[in-house]
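Number of protein chains: 2
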Amino acid sequence: MSIRIGILGYGNLGRGVECAIRQNDDMELVAVFTRRDPSQVSILTDSATVCKVDEITDWKDKIDVMILCGGSATDLPEQTPKYAQYFNVIDSFDTHARIPEHFADVDKTAADSKHVAVISVGWDPGMFSLNRLYGNAILTEGKDYTFWGKGVSQGHSDAIRRIDGVKDAKQYTIPVESALEAVRAGENPELTTRQKHTRECFVVLEDGADAAKVEQEIKTMPNYFADYDTTVHFISEEELKKNHSGIPHGGFVLRSGVTGWNKENKHLIEYSLKLDSNPEFTSSVLIAYARAAYRMAEQGQFGCKTVFDIPPAYLSSMSGEELRAKML
Amino acid sequence: MSIRIGILGYGNLGRGVECAIRQNDDMELVAVFTRRDPSQVSILTDSATVCKVDEITDWKDKIDVMILCGGSATDLPEQTPKYAQYFNVIDSFDTHARIPEHFADVDKTAADSKHVAVISVGWDPGMFSLNRLYGNAILTEGKDYTFWGKGVSQGHSDAIRRIDGVKDAKQYTIPVESALEAVRAGENPELTTRQKHTRECFVVLEDGADAAKVEQEIKTMPNYFADYDTTVHFISEEELKKNHSGIPHGGFVLRSGVTGWNKENKHLIEYSLKLDSNPEFTSSVLIAYARAAYRMAEQGQFGCKTVFDIPPAYLSSMSGEELRAKML
Numbered sequence: 001m002s003i004r005i006g007i008l009g010y011g012n013l014g015r016g017v018e019c020a021i022r023q024n025d026d027m028e029l030v031a032v033f034t035r036r037d038p039s040q041v042s043i044l045t046d047s048a049t050v051c052k053v054d055e056i057t058d059w060k061d062k063i064d065v066m067i068l069c070g071g072s073a074t075d076l077p078e079q080t081p082k083y084a085q086y087f088n089v090i091d092s093f094d095t096h097a098r099i100p101e102h103f104a105d106v107d108k109t110a111a112d113s114k115h116v117a118v119i120s121v122g123w124d125p126g127m128f129s130l131n132r133l134y135g136n137a138i139l140t141e142g143k144d145y146t147f148w149g150k151g152v153s154q155g156h157s158d159a160i161r162r163i164d165g166v167k168d169a170k171q172y173t174i175p176v177e178s179a180l181e182a183v184r185a186g187e188n189p190e191l192t193t194r195q196k197h198t199r200e201c202f203v204v205l206e207d208g209a210d211a212a213k214v215e216q217e218i219k220t221m222p223n224y225f226a227d228y229d230t231t232v233h234f235i236s237e238e239e240l241k242k243n244h245s246g247i248p249h250g251g252f253v254l255r256s257g258v259t260g261w262n263k264e265n266k267h268l269i270e271y272s273l274k275l276d277s278n279p280e281f282t283s284s285v286l287i288a289y290a291r292a293a294y295r296m297a298e299q300g301q302f303g304c305k306t307v308f309d310i311p312p313a314y315l316s317s318m319s320g321e322e323l324r325a326k327m328l
Numbered sequence: 001m002s003i004r005i006g007i008l009g010y011g012n013l014g015r016g017v018e019c020a021i022r023q024n025d026d027m028e029l030v031a032v033f034t035r036r037d038p039s040q041v042s043i044l045t046d047s048a049t050v051c052k053v054d055e056i057t058d059w060k061d062k063i064d065v066m067i068l069c070g071g072s073a074t075d076l077p078e079q080t081p082k083y084a085q086y087f088n089v090i091d092s093f094d095t096h097a098r099i100p101e102h103f104a105d106v107d108k109t110a111a112d113s114k115h116v117a118v119i120s121v122g123w124d125p126g127m128f129s130l131n132r133l134y135g136n137a138i139l140t141e142g143k144d145y146t147f148w149g150k151g152v153s154q155g156h157s158d159a160i161r162r163i164d165g166v167k168d169a170k171q172y173t174i175p176v177e178s179a180l181e182a183v184r185a186g187e188n189p190e191l192t193t194r195q196k197h198t199r200e201c202f203v204v205l206e207d208g209a210d211a212a213k214v215e216q217e218i219k220t221m222p223n224y225f226a227d228y229d230t231t232v233h234f235i236s237e238e239e240l241k242k243n244h245s246g247i248p249h250g251g252f253v254l255r256s257g258v259t260g261w262n263k264e265n266k267h268l269i270e271y272s273l274k275l276d277s278n279p280e281f282t283s284s285v286l287i288a289y290a291r292a293a294y295r296m297a298e299q300g301q302f303g304c305k306t307v308f309d310i311p312p313a314y315l316s317s318m319s320g321e322e323l324r325a326k327m328l
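Protein sequence lines correspond, in order, to chains A and B. Its first residue numbered 1, the first sequence is counted upward by one per residue in this note's numbering. Its first residue numbered 1, the second sequence is counted upward by one per residue in this note's numbering.
Quick caveat, the hints were computed from the structure, so don't treat them as lab data. Please note that a few of the clues may not be correct.
Said to hold, decoys possible - DSS-like cross-link-like pairs, simulated, lysine-lysine; straight-line CA separation at most 25 angstroms:
#1 A:241 with B:263
#2 A:326 with B:108
#3 B:150 with B:196
#4 A:326 with B:266
#5 B:266 with A:150
#6 B:108 with B:62
#7 A:263 with A:150
#8 A:263 with B:150
#9 A:242 with B:266
#10 A:150 with B:143
#11 A:167 with A:242
#12 A:326 with B:62
#13 B:263 with A:242
Computed from a prediction, not measured in an experiment: that's the story for all the values here.
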């Protein structure tokens, strides 16, 4: 029998989850829940239903794991505790500073209602977090480095789009190669924000907008750009569509540490991702953790979990025997 | 109270474990067990005792986790099931093909005697295995690549030393950069043994030995060298000591896969290690899993485990709250 999956929210992430389910034989998409008019939402999976989110609780015995594909700013803080009352749930809550609070909210309802809720799943938080943990547990004396990119930052692209005179924009976060190389060389550099990443912007102007003024406004924008070396390119709408419509991303987690009685030996652990589609990769991680949540629920291990709490074997469709024979 | 650690076998690995314990405040080395005369074995930790291995069972209530630092060929297949009767144990059993059998042997005695035994801990098997598993669980459609090096292969160095006329030797396994680049470029190449690694040998000859004959014998040695492009350098004993006395190693695990409704997006996950000291890094992994074994034993989760079965959080000395706040 397949693991029956529901999706709440059908944007880039929801669509990615739908695609990922197709690549996992032990899973089946049962229903997609949306705030929009279901008749206006067309999905790819013939066998699944599109429903109004108001009907979601009618499905509580027909879905094994609900994947929550909303945003971290306002959707997930409300949705994850709420739907953990009715379903095993997975979310990709990524506001790092608010994770402890979110965990506490979700843990209470999940434990009380005997469900498993896995929060903050994806690649950062998610696979990058795992690599920070493993790296720190192994090399207890050392330094951590996380670099992001090259990839599209949705938040920074949105910030540019809000500027007067800007019609559309795409922003790439780019790790500084020389900083990465210094870390790899074991130099343990202290890096400022500016030394770690640069920002590259592709901007389409409204007719008659002042390019110099827009460029100045981008480069001096506090939090988003002021602390970085930023490059601005003005391009046509056609060029933006043709060359910048993808959502690539990626990055690097490095742990640089020492061992030996006198700390005489250096070691470097490096984990990196190069992703053509940020939402589809995130979705693939969500689906692996949906399998884990299903298994933990079957074993009665209820409550809120993160990637730190879940034995790696739970993510795989292979049995313990197969994993030991083929992967170990 | 500290986790009380014992070490069985005081070679490079045992000494590495001793150093790693010093870097973990919640651990304490209690005793080292040896087949040699204890009065002839001098260790670095003042507060620990050196004992004959015959006395090991006298320590069964004084040691929380015993780290087995013997070899995979003959020591561990016998030692791990045997000592799992008396202790929670960790080993670094690395004969990949015999892991299922070893697991079964150890699981029985560990479960019967209510101990936790974690086998095949280190980096391959170990951290590399984890990355193969995570990579496969996330990118279900794709290809796996493991490259080793640059690093010293003890087995290949020993094989050279057994040749007539060879006084000493060191062999480095080196990944082929162009093969790595093809994988990184998403080309999914089919790679032969020869295309993945080269072998570089530094050889000290006995007086009067025939260099050409030794070189020929190395390059044509079945299993070890015949399938590889091998370079042989003849050097002096002094040069070998000066430039080749370290035990560096490392390598790469890559998972290259596709997502999307029509598999239109490519992704690459890469994990790599660059290690000055292979035994000290392996020891650091062993010690992190010793912490996990101690915790699982406290919770009554007995039997044989691998890195696949252990929640990442168990490896860290931080609490769940701290991990979520700092690492997620």
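Here is how each hint holds up against the structure:
{"no.": "1", "hint": "A:241 with B:263", "result": "holds (21 angstroms)"}
{"no.": "2", "hint": "A:326 with B:108", "result": "holds (22 angstroms)"}
{"no.": "3", "hint": "B:150 with B:196", "result": "holds (12 angstroms)"}
{"no.": "4", "hint": "A:326 with B:266", "result": "holds (24 angstroms)"}
{"no.": "5", "hint": "B:266 with A:150", "result": "holds (15 angstroms)"}
{"no.": "6", "hint": "B:108 with B:62", "result": "holds (23 angstroms)"}
{"no.": "7", "hint": "A:263 with A:150", "result": "violated (34 angstroms)"}
{"no.": "8", "hint": "A:263 with B:150", "result": "holds (21 angstroms)"}
{"no.": "9", "hint": "A:242 with B:266", "result": "holds (19 angstroms)"}
{"no.": "10", "hint": "A:150 with B:143", "result": "holds (23 angstroms)"}
{"no.": "11", "hint": "A:167 with A:242", "result": "holds (16 angstroms)"}
{"no.": "12", "hint": "A:326 with B:62", "result": "violated (37 angstroms)"}
{"no.": "13", "hint": "B:263 with A:242", "result": "holds (20 angstroms)"}
Consistency note: the structure conflicts with the earlier hints numbered 7, 12.
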